[in-house]
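Starting from the given sequences, assemble the full structure and let the hints guide the process.
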Amino acid sequence: MRPVAALLLALALALAVGCSAPPPDNPEGAEDDFSRTDTAEDAVLPYKGAWLDAPRALSGVGQFDRLKGTIHDDARCSTMVAIAAAIVGGPDRFGRFLSEVARLRAADRDDLRMVDRAREAADERRLTPRHLHELSDVVVRAYKVANGAYDGEISRMVRASGYTSIPVGSKRADMLVASLEPGEVVPLATVAENIPHITLLWRDAAGTVRLYDSDDVKGSHVMPRGSARYRERVEDPQSEWSLAAKYR
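Just so we're aligned, residue 252 is where the sequence shown starts under our numbering, counting upward by one.
Please keep in mind that the hints were generated in silico from the structure rather than gathered at the bench. Treat each hint with caution, since some may be false.
Claimed, not checked - Below, a list of computed lysine-lysine pairs in the BS3-like style, where the Cα atoms sit at most 30 Å apart:
hint : residue 1 : residue 2
1    : Lys299    : Lys469
2    : Lys422    : Lys319
3    : Lys469    : Lys422
4    : Lys422    : Lys395
5    : Lys319    : Lys395
Structural data, given as structure tokens:
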């Protein structure tokens with residue numbers, strides 16, 4: 252994706268600010284939190300009660316679907332982060348996100364049909380990766396981020412679910428993590444193979460902090476705090492959120 256706002260400046264000027272290695276928040280967190288491979292496109296994602304089991308569902312859904320009908324895989328880390336934030340927030344936030352995307356794409360019948368399919372699947376507890384990947388492509392068009400997104404655009408997409416921006420006072424990853432309360436999320440700009448990339452941090456109701464990375468990764472797309480793959484990303488001194496805010 253094109254540079255996340257202020258990230259290039261950080262690459263050039265940032266001091267090496269190492270994060271201390273925190274212990275796992277929850278003993279059930281493992282190196283590969285759940286899925287080791289991506290979920291099949293038409294497999295129903297795991298639910299927990301009336302809604303998706305967010306970490307399990309997201310663990311097998313990345314941005315690269317390789318479907319014939321979608322074309323924006325390389326640019327979709329930002330839109331997958333927005334979708335992940337909506338999923339983490341629960342069915343009401345997910346529904347609100349769908350409504351905003353539908354409003355922005357009201358003139359395109361094909362895009363509206365894909366949003367409607369995702370809404371119906373969510374209502375019937377049968378959401379699949381295909382629904383999310385098709386939705387992600389619609390979100391790219393809705394927010395005009397086919398070449399990637401800046402931090403302000405990512406914030407707008409996250410807030411479309413009904414989240415409110417809460418100032419943290421620091422853009423550093425360790426401070427952002429420390430500020431998180433249960434149910435709160437924060438995007439985290441990382442650098443993957445020298446390319447700016449956006450991920451999502453959140454703290455769940457049990458207090459466990461996790462990171463969602465939509466890139467092609469080895470193993471689960473969801474990484475619990477304390478795992479080596481989480482620490483590799485979150486403790487990198489280049490990782491930050493330039494807006495110095497979390498979302499509640």
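Verification of the supplied hints:
Restraint check for Lys299 and Lys469: satisfied, since their Cα atoms lie roughly 25 Å apart, inside the 30 Å limit. Of the pairs offered as hints, the one joining Lys422 and Lys319 is violated, with about 38 Å between alpha carbons and a cut-off of 30 Å exceeded. Distance restraint check for Lys469 and Lys422: the Cα-Cα separation of roughly 27 Å lies within the 30 Å cut-off, and the hinted pair is therefore satisfied. In summary, the hint linking Lys422 to Lys395 is supported, as the alpha carbons are separated by about 25 Å, within the 30 Å threshold.
For the hint pairing Lys319 with Lys395, the CA-to-CA distance comes to about 21 Å; that is within 30 Å, so the pair holds.
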